[in-house]
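Enquirer: In order, the protein sequence lines correspond to chains A and B.
Position 205 of the first sequence, counting from 1, maps to 1477 under this note's numbering, and the rest follow consecutively.
Position 157 of the second sequence, counting from 1, maps to 1429 under this note's numbering, and the rest follow consecutively.
If you are wondering where the hints come from, they were derived from the structure by calculation, not from laboratory data.
Where hints are given, some of them may not hold.
Capping the alpha-carbon separation at 35 Å, the derived lysine-lysine pairs in DSBU-like fashion look like this [as the list claims (entries may be wrong)]:
{"hint": "1", "chain 1": "B", "residue 1": "Lys-1652", "chain 2": "B", "residue 2": "Lys-1573"}
{"hint": "2", "chain 1": "A", "residue 1": "Lys-1284", "chain 2": "B", "residue 2": "Lys-1305"}
{"hint": "3", "chain 1": "B", "residue 1": "Lys-1360", "chain 2": "A", "residue 2": "Lys-1284"}
{"hint": "4", "chain 1": "A", "residue 1": "Lys-1284", "chain 2": "B", "residue 2": "Lys-1576"}
{"hint": "5", "chain 1": "B", "residue 1": "Lys-1360", "chain 2": "B", "residue 2": "Lys-1533"}
{"hint": "6", "chain 1": "B", "residue 1": "Lys-1284", "chain 2": "A", "residue 2": "Lys-1360"}
{"hint": "7", "chain 1": "A", "residue 1": "Lys-1360", "chain 2": "B", "residue 2": "Lys-1301"}
{"hint": "8", "chain 1": "B", "residue 1": "Lys-1660", "chain 2": "A", "residue 2": "Lys-1284"}
Here is how the chains run, residue by residue.
2 protein chains.
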Amino acid sequence: MFQDFIYDIGTKVYFGPEMLCHLGEEIKKYGDKVFFLYKGSYTKTMGIYDLVMQAAETYDFEVVEFSKVQPNPRHTDVQEGADLCREKGCKVILAVGGGSAIDSAKAIASAALLDAPVWDIVMGKVPVTESLPLITIPTVAATGSEMNGGAVISNLETRDKQSLRRPSQRPRATFLNPQYTYSVSKYQTACGSVDILCHTIETYFSSDNCMYMLDTFMEGLVRTVLKYAPVACREPDNDEARANLMWAAPWAINDFLRYDKECNWTIHPIEHEISAYYDITHGLGLAIIMPRYLRHIIDEKSLKRFRRLGIHALGIDDRLEDEAIAQETIRRIESFCWDEMELESHFLALGIDGRDFDEIAGKLTEEDGFRYGGYRRLSKEDIVSILKECL
Amino acid sequence: MFQDFIYDIGTKVYFGPEMLCHLGEEIKKYGDKVFFLYKGSYTKTMGIYDLVMQAAETYDFEVVEFSKVQPNPRHTDVQEGADLCREKGCKVILAVGGGSAIDSAKAIASAALLDAPVWDIVMGKVPVTESLPLITIPTVAATGSEMNGGAVISNLETRDKQSLRRPSQRPRATFLNPQYTYSVSKYQTACGSVDILCHTIETYFSSDNCMYMLDTFMEGLVRTVLKYAPVACREPDNDEARANLMWAAPWAINDFLRYDKECNWTIHPIEHEISAYYDITHGLGLAIIMPRYLRHIIDEKSLKRFRRLGIHALGIDDRLEDEAIAQETIRRIESFCWDEMELESHFLALGIDGRDFDEIAGKLTEEDGFRYGGYRRLSKEDIVSILKECL
């Protein structure tokens, strides 16, 4: 039986370098004072900073700059940004950077309209019903945050990493220029690609559903990432590879693929706890956890799905038994993450030992907000066991 | 090299019967007088008519009814509708029915705001820059008109069938209720499914492109239609089959799949001429023409694409030679259209002989608006030859 849903993805996407000429008119639509949040020096070296300043002159709007953004964005920085944004009376936010910049901007877009501590908003103690309009220019293909309403914010004091999802935080417009990603390092390209892959895999395995069509799209996304991520790592300015990764990133996580089912992720929440404790790169954490998690959920029910994924996304021989297809599917994902993407395969190599795993698993299973993926309801012991396999 | 594009698909989709409760609020958003265009008695028997009247009472808006809609919608009916809509001062249009109802409503939405003959608007002599907001409730999974800005209108006097595509004609909201399609006849289900398949195939073969990701989605759409159309024909109330077909229809033609490339269709324009001359069901015409057209465009360049489609969408053995895969792909599409969907495979059986083919091919190749698909630039002789193979 199908599940009822509302599809509502209104983000306008300008794809390609020539479309950047529309930036000024998009900003001006929403007002004459923009909160310009950007990360790192590359915003300047890539010419995006100048582009914004030029647009401000042509379209006559004021720019309030803010560039306090760190990986795994902190609630304290968001607080500072929201206060500044409110104080200056900005009408629209422009975020330039990776997932951390865009996620910060989303939390600021909501918090600027509320008179409450940011962490209370993130924790859901203060409801978000509206947000300032947001325009984004992502500079890496990874989180896909540029076309959805979700943000992940960290509290380093409490070692918490929380997701804040609100429809009003979905960007109104997004400029995707694959050329901006030519200079993304091999390591960051690898981490971003694993993130896109994992968004797709989590959705695919989150529960059974009626929409076979969406399964075929997810299989297509897996094929796309596995085909182009190695190309982008080898040839950073391969435009076909960069364009496919850049367009795949938002579609893996803009809600389209998950509208028709209960979709409770598991790998991401586990990784969020790990990076809240050890501050490692998100995609790297996923590369380590994902294969172990997948091996953990093999059972009679999931085997059918492994079979379909293996055959349609990885071209595995359909004459093999289900179990063999599942094992080969996971082996290929491992090989992609650890060999092709050259990412670390074990926590110990990152200096992470198992001493906090019990506490982490406890947090995950106690938390109200965290419900477990459809294929296997994880106990605290399950999570500890998955994490130990990652050592 | 990728092509720049703007993705702008803002249609809000309410999927499933429970979502129909939002109809009134959606209409009221745009004003207090709705032009209610519907087709056929099934609007009443299925309860949609009562639903609209109830919403009108609850949300306090006025309803202007219009139900002059025929298959291959006529410009004369559209003229009448546009005049009535303008005269009554309607602020929003609600269209209930199949592709002909929705296409009529789009042309009315544009023509109601212009003081010009409808056919001049359709022929592009009068520019369309704005249209009345449109809300749709399709009752069949087929044309996918419910999520794009295109309409096809016929002029029976001149035996012309023209496409009118305007961004302002894209519906603001669409209600997709698979249950409304349970009563669609086997024949109409077959014709609609072939239409969805053909939209996908035309886009797939319209030209080479950089966006492999979109190719994988198209292969997924083909898999979806081939899997579920036979189920829907056998078991009209199979909710999984109806839901997949209903969600596949708009995605096959809402522009997402074609944004990154020159996309000039060929099978559809040929079929439009055929049905302008002989007034046959659109999907039936496509079922006859599509396989012949595909066989006609086999060449060194298209073989690679046939290979990919055959392997990924049809599961054809990848150890076969390209030519064999192409032939088998076409054979499977024939078998789908003619055996599984039980549609007629030859024009002669419909009483169509070849006497007008020369004139039809002449019209197609003379027309300014018609440019030929990417894989093979068709001459007048090519078109005549394809049509003769259909006899």
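Enquirer: Next, verify each hint and record whether it holds.
Expert: Hint-by-hint comparison with the structure:
no., hint, in the structure
1, Lys-1652(B) / Lys-1573(B), "holds (22 Å)"
2, Lys-1284(A) / Lys-1305(B), "holds (29 Å)"
3, Lys-1360(B) / Lys-1284(A), "holds (34 Å)"
4, Lys-1284(A) / Lys-1576(B), "holds (33 Å)"
5, Lys-1360(B) / Lys-1533(B), "violated (42 Å)"
6, Lys-1284(B) / Lys-1360(A), "holds (34 Å)"
7, Lys-1360(A) / Lys-1301(B), "holds (33 Å)"
8, Lys-1660(B) / Lys-1284(A), "violated (45 Å)"
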